[in-house]
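Using the supplied hints, reconstruct the complex from the two chains, each of which is provided in its own coordinate frame.
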Amino acid sequence: MVRFEKLVLGNGLRVIVHRDISTPIAAVNVLYDAGARDEDPGRTGFAHLFEHLMFEGSVNIPDFDTRLQDAGGENNAFTTNDITNYYDTLPAQNLETAFWLESDRMLGLAFSEQKLEVQKNVVVEEFRQSYLNQPYGDVWMLLRPMAYQKHPYRWPTIGKDISHIRDASLADVKHFFHKFYHPANAILSVSGNVEPDQVFRMAEKWFGDIPAGEPYIRNLPVEPAQTAQRRLRVEREVPFDQIFMAFHTGKRNDNDFFATDLLSDVLSNGSSSRLVQHLVKEKRLFSEVNAYITGSMDRGLFVLTGKLHEETSMEAAEQALFDELRTLKDEPVGDRELQKIKNKAEASHIFSESNVMAKAVNLAYFELLGDAGLLNQQTSFYFEQTPDALQKTARSLFEPERASVLQYHSVKTNTSV
Amino acid sequence: MINRQLTPATSIITHLPFIVPERGRLGNGVPVYLVEGGTEDIVRVELLFLAGSYHQHKPLVTYSAANLLKAGTIGKTSREISEMLDFYGAHLQVDAQKDLVSVSVYVLKKYLEPVLGMVQEIVVGPSYPQNELDILLKNQKHQHIVNSSKVAYLARLYFGEQLFGPKHPYGYRLRKKDFDKISRGDLLAFHKQWIHPGNLNIIASGKLPENITSMLEKFFGNNQWARPGQEPPEPVYTAMTNGTKKLLIQKDEALQSAIRMGKRTINRSHTHHQRLMIANALLGGFFGSRLMKNIRQDKGFTYGINSAVVSLVRDGYFFVGTQVGVEVCQAAIEQIYQEIRKLRTEPAGDEELMTLKNYLSGSFLRSFDGPFAQADRFKEILVFGISPDYYDNFLLELKNTTPESVMETAGKYLHEDGLIEVVAGKRQEVQ
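Chains as they are written, first to last, in numbering that gives the first Met the number 0: chain A, 0 to 416; chain B, 0 to 430.
Hints in this document: simulated from the structure, not taken from any laboratory. Hints are not guaranteed to be accurate.
Using 30 Å as the maximum straight-line C-alpha spacing, the simulated DSBU-like pairs for lysine-lysine come out as follows [what the hints assert, rightly or not]: (1) B:Lys140 x A:Lys411; (2) B:Lys109 x A:Lys341; (3) A:Lys411 x B:Lys149; (4) A:Lys119 x B:Lys292; (5) A:Lys173 x B:Lys292; (6) B:Lys411 x B:Lys341; (7) B:Lys75 x A:Lys280; (8) B:Lys341 x A:Lys119; (9) B:Lys175 x A:Lys282; (10) B:Lys298 x A:Lys159; (11) A:Lys341 x B:Lys206; (12) B:Lys176 x A:Lys280; (13) B:Lys57 x A:Lys280.
Which bits of chain B does chain A cover? Going by a derived footprint, with three or more residues having C-beta under 8 Å, they are [claimed, not checked]: (14) 29-42; (15) 70-84; (16) 129-141; (17) 147-155; (18) 251-257; (19) 288-302.
No experiment lies behind these values; they were computed from the predicted model shown. For each residue, glycine too, the CB sits at the ideal point set by N, CA and C.
Okay, chain B solo, but in the shape it has when bound (with noise of 0.2 Å):
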């Protein structure tokens, strides 16, 4: 019989598989960056143009602008468009963020030349026809109502708006009137300021096929893809929070409450970043975090509380979410303070800074997993201008991390004080 109360013996991480991509340039300066790898036949371009939400003048423009890329050029319509990628089984992935604007494609290795000839013209000549912008502004709304009474939408759209104030694009909460407000002239205009070759780069990963960056050259690397004569100016914002630390957003049917609070931080940029990310991941960042041991796993307060570090380009922020029943609302947002104050006043004890410490390694082993995988990695350091070392320095931190540098950093950087509290839903008192 086999001894079950012996536990097997386990090796720690100690060197990640990072490929640094390689690097090119095409013709007309676009960087090109290659990476190499994975089982099957399978490729992914990404197209990563650098600006989003934060640079629109109106709400949603940069949204139905490369959602729209897909609905029409001057040749095609929105049909041949899609009749063309779905007969290639080729899936068209695209992201309008804060800060960047992605257009990836997913591709059998076989397909992948017409398929990016496609991709090339969407993103080059879309001619944005009206009607379509009318299904998709009239559909999305429809989406927003239908999000609108769900907690949990709520205390997020709140919550930003609480976070950079009603002003700074990062925190405009979307109403329902915004989606009746944009034209066919926003989206040309947005595309025309941001979405051209001085303001992309480009990723390629999986499978590649030899002529790969012939094929790049071609699609992506030619002068007929202008430029706009100027630079437009980068905008700028300031992070200003209206001054209300507690909102209620009273939704009397509600079963349970939404519940959002936090506070604006470092972003990936920072020296003490990964630091930051340490101690957030002994908080909330895992399943055997002290905020899903004690709301969830001790109290049953809850099915899931999470807490993370936001990164955007221009700023960064940490927040605590979850959804409790009301009547347990009041005694869960206690708690989550409890646990933020001993995150910079008590010491984590030795097994439980061993255990974050061998499961934060295998999870950043686990996404390096496969080529995509390295490529998104790849990307968060290119969108901040990281050195690719980066990596290699995450696990020198994790050794170095004691009880006392996480009670450090959380006493800089996740300080109970000045915390926003958002609960959509109802809140009672505790007895």
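So that you can see chain A by itself, here it is in the shape it has in the complex (with noise of 0.2 Å):
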């Protein structure tokens, strides 16, 4: 059980705090509205930019990492195709420095031209090293554009083409900026060893000047239901096949979010699973096998994965996975397999509620999808679910017509190691 006390600034920020005693540390996460799915069509991979963007100085101080590096502290940040999110951990008796350096930056930045250069090349490193000099690294970007034609999830948050990043201007920052960057979209939430009211007093005494900002009302063009099979085939110097499938899912905040979860904790998490079982260890198919969702806040995805042995064929592979999907539509979940993942479920739970950090993370990110107090909810609503509960969501979901796949092809390469 994480306790947390709430209060909203008078600009709209939100601030979350809880207190553990038990560590000498504390850590500060700002989450900002804004993901990929804000950025216009033309201009994708901003809002991770931006992300490199908010280290680079802000009004008041030239250097955020030094700042709080000299208060013994630690930061680092990331960007989904829903939100950027910032944390900060330092020792709990320094906490003030993280407030100064977060509010300065959400106050305003130093833009630059040279500093914009140094880090659009550095994002350019970060797409070839992550996307494109690695096998198989192209994959959500073949994926994406197949499972959504018309929502902005049809492009990573790298960017839709490294040219994006190189195109990127001063303007463009700045815009991206005033659209997002204000207390009113955003999310303040520290955990650790710190007392809530000294924390309400620190965020008022840092945020509460920050102006309000124009609020941003999100209006995203709408996924249009699938209603035929799409299929890509592709071919890569790599050394082995793979498969890849997707289907649509609803949104996070649907009632089926936690039965969709689960089928795909029934496939595949833990080696007692059902896709390592069948296919890994009785079939012999392939030598790793995955299924996970996207949990993303607009309709997300139902994610198949599979690395091919060299004797097995596309066709069996594809034939395989849907024969498991089959079963899941055909035949309840027996009972002690559901207990299985809703024990999983709870264990992993309690294990992130160990770490200061994890708190932080997890109760801005449930008070943006409507309050933090359910992240102590989250695991009674894993227990609600049932057999039937699980068929139903598994009969909505996994019609073939509605599959997105993709067959990646090895032609082979020269390895001698």
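Right, dumping it as structure tokens:
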């Protein structure tokens, strides 16, 4: 149970505090309700590029990282298709330094052409390191536009194309900042060895005078229901074939989220799960196989991936995955099997509560979903699910005509190692 | 209006909350260490066997023997074992390293007893079924082949070989064919020789149940778990670089080159090790390091660069690692040399050193956060036979660090002479 207190400042900033006296550390998390889905289709990768610029100095403080390091702190950030999230951990007695730093960069950035140029290069190298110079690195660049034709989930956070990063201008940067980076579009959460009242006073002191900004009204194109199967076959210089399948799911806040998540656990959470036992161990079709959901705030994806053995045909691999999905539709999950995955969900939830930073990140995320208190209800939502609910959800998800199937074929390269 | 130019007051860390574990011994002599703490009802029990790939006679034997513990016993199949562990939401983590094999289980306190019973069964009596071995080797070979198309993996693999020599187990470069040479017999022999109570330490951490000692005694303290009649002799190897300092693993289609440079140096058991860690941190040990500032933040050559000092039980080494655009590979290598040289020739500024000290003390504090982290810190000194005041000494060492002491340490242990350079990808000479 993560107890917390909440306060909303006059400018709309939501502040959440959790006190944990067992640790000498405090974690400060600032979530901005802006992700890759909020980008202009002609300027993708921008939310993530912007995340880099948030470390390049703000109106009053030229060097974010050094000042935090001076206080014994460390920080990082991540960008998803839905949000951009920044977090700092530091010795609890130096908490105020994080407030000073985070509030100044919410107030305004020290924009410069030179810093933009360098960070564009860094992101281009990240693009190459994570996507282009990796075997199978382009999978999501192929799969997203198959599964989404209208919704901005059709591009990955790094961007649709490297040229979008290279072409980003300082004017674009400023526009993005003013649109999204203001108090009403953010959630501040703090966890660790802190006094809630003191945290609220600090929040008022450092964030209270930041102008509220124009509210951002999200109005994204809705992805139409898929009516025919989508297929793509590509050839790449990689050692083995892989297969990827995606089905549309509901939104993170929809009621069937928990059943959907448990279905992916039945398939591949743990070595006793179905895909591992049936397709890796018994039939030996794959060296590795996985099922997971993207869990995004707008309609997400249920994804299956398999790494084929050399002697496995693409057809057999695809058939085997469809067969497993059919079983989920045809037969209810057994009681003990369901209990097992619920127990796993409970354990992973409790383990995540042992980490101050995870608690701060989670509180902010659930507040964005509607209420930070949802964090403490997650396990009971999973425990409420029944075999019937899972089967019903499986029937609604796994229609072959709603699948996007990506066949990723290997053309041989020389591997002498 | 508040004055945002004014930095809030900060205070430095003067004390580390390191809990020296409660020590005990099981009836069969196995040392047990208990680290009590945390807010949630969760427990980790780690079985630490002091033998690793250093002790194997063939590549992959340690890895396979450790990872297939859960693949079956005389009485249970692999599936029954994983069903049971999954049902209790337990997470089994097996780690086969160069010097040790670690078997850890993370579990809710309420399920500790049945789960420990299962851990005992698999650790004491694995049957190593042939079909499970076949599956593991085939899948790992697949993974190795995929990894071999990644420049970072290649650089790491060849760097080890360059550093220790092809015959040394620390430096052995894994090959495809190695996956075809392992038999059940190899695993059974490794298990018999090294996975036994004479070679075991147990570290339990988290919210421990009251009867933790008797529980550990019941499962791991009885005499049915035999030791080998004769302790096997400790193998002896000599590290020998093969003389090639610069190695290029050419990949024509690469967009980025992976660079790995370094040399052998002292390890954690040496009195100067903490000094070396501090000097290395300034060079490439954190986001504000010189390498990061120069090569990422100033030049934009890379997404990331770091350097580290790695302690192995019987050796140690220093390395710098990064991936950069192929067109700037040579320029990046020159900058790395320059930064290493500067570390021993140019004194750090007062502000730079102050930031380093503050950052490192905070980072040190974070590394002790929670019972599992405490247990990890204890493990580091246990494996190297170091006394528990090691961690308090670190703060003292940090306090006494001066620009001159950093230069001296760098001159002694991080000299750019004799660095090995491995590049995987493309390397172009600068115009």
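A quick look at each hint next to the structure:
1. B:Lys140 x A:Lys411: Within the cut-off at roughly 16 Å; holds.
2. B:Lys109 x A:Lys341: holds, 15 Å
3. A:Lys411 x B:Lys149: holds, 15 Å
4. A:Lys119 x B:Lys292: OK: Lys119 of chain A and Lys292 of chain B at ~16 Å, within 30 Å.
5. A:Lys173 x B:Lys292: It holds: about 25 Å lies between the C-alpha atoms, which stays within 30 Å.
6. B:Lys411 x B:Lys341: Holds - the C-alpha atoms of Lys341 of chain B and Lys411 of chain B are around 13 Å apart, at most 30 Å.
7. B:Lys75 x A:Lys280: Satisfied, since the Cα-Cα distance of roughly 16 Å is no more than 30 Å.
8. B:Lys341 x A:Lys119: holds, 28 Å
9. B:Lys175 x A:Lys282: With Cα atoms ~23 Å apart, Lys175 of chain B and Lys282 of chain A stay inside 30 Å; holds.
10. B:Lys298 x A:Lys159: holds, 25 Å
11. A:Lys341 x B:Lys206: Given that 30 Å is the threshold and the Cα spacing comes to 22 Å, the pair holds.
12. B:Lys176 x A:Lys280: holds, 22 Å
13. B:Lys57 x A:Lys280: Holds - the C-alpha atoms of Lys280 of chain A and Lys57 of chain B are around 25 Å apart, at most 30 Å.
14. 29-42: holds (count 6)
15. 70-84: Three-residue rule met by the segment 70-84 of chain B, so holds; n is 5.
16. 129-141: holds (count 4)
17. 147-155: holds (count 5)
18. 251-257: holds (count 4)
19. 288-302: Since 8 is at least three, the answer is holds.
Comparing the model with each numbered hint stated earlier shows that all of them hold.
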